[in-house]
Structures are given as structure tokens and as C-alpha cells.
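2 protein chains.
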Amino acid sequence: MLSTTPRTTLGRKKHRAVTDRSALHAVLDEGLICHLGIVRDGVPLVLPTGYGRDGDTLYLHGSTGATSLRTAAHGLDVCVTVTLLDGIVYSRSVNNHSMNYRSAVILGQAKPVFDAEAKMHGLKVLTDHLAPGSWEHAREVNAKEFAAVSVLALDLAEASVKMRAEGPDDEPEDVEADTAWAGVLPVRTVYGEPEPSKDLSPGWTTPPHVTGREW
Amino acid sequence: MLSTTPRTTLGRKKHRAVTDRSALHAVLDEGLICHLGIVRDGVPLVLPTGYGRDGDTLYLHGSTGATSLRTAAHGLDVCVTVTLLDGIVYSRSVNNHSMNYRSAVILGQAKPVFDAEAKMHGLKVLTDHLAPGSWEHAREVNAKEFAAVSVLALDLAEASVKMRAEGPDDEPEDVEADTAWAGVLPVRTVYGEPEPSKDLSPGWTTPPHVTGREW
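Residue numbers (my numbering), protein chains in the order written: chain Z, 606 to 820; chain L, 606 to 820.
There could be a bad hint or two in this list.
Same chains, same label: a pair holds when it works inside one copy or across any pair of copies.
Claimed, not checked - Cut-off 16 angstroms, straight-line C-alpha distance, at most; resulting in silico cross-link-like pairs (EDC-like, lysine to aspartate or glutamate):
no., residue 1, residue 2
1, K716, E778
2, K803, D783
3, K749, D779
4, K803, E771
5, K803, D779
The set of hints was computed from the structure by calculation and includes no laboratory data.
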């Protein structure tokens, strides 16, 4: 079960909260980009970045452009949010229009991973999430690259999942009036055809870990 | 031109910053969900929510589940980030894997819109963004609904756009070694087939503003 501290308890629409850990993992495993919130100079800053999950640990790259991230030697208060948009909900009234979605919100302290073995593991988790198969296929991380990157770990202890996955929720009088269409327009993310690099040598065919990838 | 205050100046990879206003508008107009960052009890909170843009004003719903939003009568420090994922960049080295994306980051004070006409305009802008055509097609906002919703306006004065839209950026020695595939796997968002509401009366065909919608 997910913890339901006051910070992650939803202020409204509690029926949309999901409290099992597998739902949290599912959202995190399907998304590719998270939105990382930090407080800088007293105001919020939200930046998109990649991530990866192993068990109940979320890994983040330190090289996200946020200076504060790289200098947070002792941990940094963060909020990491991953959102999957599933559909546009057209209701009979403007007011009841909505979106179907799944989102995960994680609160905690992101801590730099200093131990070399643990840090390399974090890089593998990040790579496996961004590009499954690439850790085995591509050239490994060398010592210089390893030193230049920082990896942050965030425990998934304090997290909440929220979702909407249903049709329009119209007022009975609007259903009765029958003056507007109602339904859901699904939204999906898909991969297109792989585009080989312009400088790729002619002998290559696109490998299965790229061609076979599905969202 | 976008303002480049110290807060929105990128700490690294400055060549990825885009400083014209049309690029900002384009990202905001293509996205459907923003990630709204606020500071609550001293820590960051990032929530997904809808939005709409009119000129250089971004409108947000007040009913996002964030109590702080609804009680911020005099404006609330926010960071609004919209990210579009365009592709996975497979490089010859693990370290140079990346993503193609476009993102907009807006800093400022979100202020409640109290004037009735301006508030109704904000609702129209929000609806036109979420579901173009629905403002004309669906039942209009009634007095009770109008009173229950709050609309926030955020000026786009302090904003930055960042993007990556290119192939792999490999080390010369990795290109020379030629031991791994390199290229981009495009990512696209698409709409599926509209799903009429289960309680829709039999006479309806799906209207053009839904069937004709393209990402």
C-alpha cells in the first residue's frame, strides 16, 4: 500500500486516488519523462527529465540543467510527477469536460548516489528505462563519463497515484436534454519509424531492441 | 523575445534555449497538460492540470486538487512546465543517449480572475484548448457551475523554451568504431477512435469537432 501522509492525501475527488503499489509502479514504468519540482530561491521550479525505477527506488540524472540538483550533496526536497494522458472526455456540458489520465506524485529527498557500484547500477536502470537493450548494445560508460554524471536516488515511500478512466460524468438533466454529443477521444503515444543517424555506416540494419519497441 | 532573467537562464546547454515568443506559444498550443509547481509547507508540489493560452496569458483551472491554489487570493508563486516528447535518441555510447523534446517553463504569480467577464473568457480559452469546438457545441456554463470554479491567470512574461531536435551526438571515436546502431526513434501522440458515451442516445453521429481533431 502507498503511504497516505497528509502531504499526499488528495484534497478532493478522493475516489480517484489509487493506493496500491503496483499502480504506482505501472505509471512510472509506462512514462518516459517525469516533471521534477524543486524549490529554488523560495519559488518552485519544474523541469522535465528522464528517470528509471528499480523496486521502490527512483533514479534521476543529476545533469538536468538544475544547478541546485548537482550541488545538493545531502539530499534535496523534490516532488517527482509522472503523468500519462489517456483521453479527452467530451461531456454534454462544457463544465463536465475532463481528461482521462494516470498520474503519480512522489515526495521525498533525492540523494546523490556516491558508491561507484550503486551509481553504475543507477545508470543501468536509467538506460534500461529510456532505451531498453541499449545497455547491452551500445558502448559502455567510460571512467571520464562516469565521473561527469551524477545519479540521484529517491525512495518511493511517500507517493500517490491518481487516475480517471471513465466516460463522461454528465448531469441527469443534460443526459435527458440530449442536445450534445458525449464520449471519450482516446489519446495514445506511439513510436514512429526509426530514423538511422545520417552518419551511420551502410551495413547496419536497425536492431530488434529499437524496431521491436512498443509503448 | 523571451525575457532571460537569471531564473530562466539555463545553467547548461545554452544552445538548446530558444528565445523567440512564437516558439513558446507553439509548445503551449501543442501540449494539453501542464505540470504546475507550487511550494507548500516549504517543499515543492507538482501537479498535472489543463491550461489554455490567449496571447501572453496562460489560464489555469483553480480546481486542481491543490488547496493552496484555491485559497491564493492574492496570487501564488508558480512554475508551469509543458513538455512534448519527440523522440528517443539512440547513440553509439550509453552516455550519449538522449531525448528529443520541446519544453516551456514559465515562472510567475498565478492570480485569480475575479471579474465575471474575464473569468468567463478564461473558461472559454481553457475549453477551446482542451476540446476545440465544445464551447459552441456543449451546454454552456450555468451560474452555479460558474461560481464553483476558479480561474487563474499567469502572465507569460518570464519564460524559457528548451528543445532538442537532432540526431545522435556521438564521440568521433565511437562513430569510427562503428560497433553500435545510432538513430532516433520518433515519439508521437495520436488520437484513437472516438468512443461514444454508453448512455448516448442512438441518433448521434460523432460531430466533426471530435472526429476531425488532430494532434
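Now the hints, each set against the structure:
1. Taking the shortest Cα distances, K716 and E778 never come within 16 angstroms of each other, neither inside one copy (53 angstroms) nor across copies (34 angstroms).
2. In this assembly of identical chains, the alpha carbons of K803 and D783 lie at most 16 angstroms apart only when taken from different copies (13 angstroms versus 55 angstroms within one copy).
3. In this assembly of identical chains, K749 and D779 lie within 16 angstroms of each other by CA distance solely across copies; the values are 15 angstroms between and 64 angstroms within a copy.
4. Proximity of K803 to E771 under the C-alpha cut-off of 16 angstroms is restricted to the inter-copy arrangement: shortest distance 10 angstroms between copies versus 44 angstroms within a copy.
5. For the identical chains of this complex, K803 and D779 are inter-copy neighbours only, at 14 angstroms across copies versus 56 angstroms inside a copy, given an alpha-carbon limit of 16 angstroms.
The structure fails hint 1 only (numbered hints given earlier).
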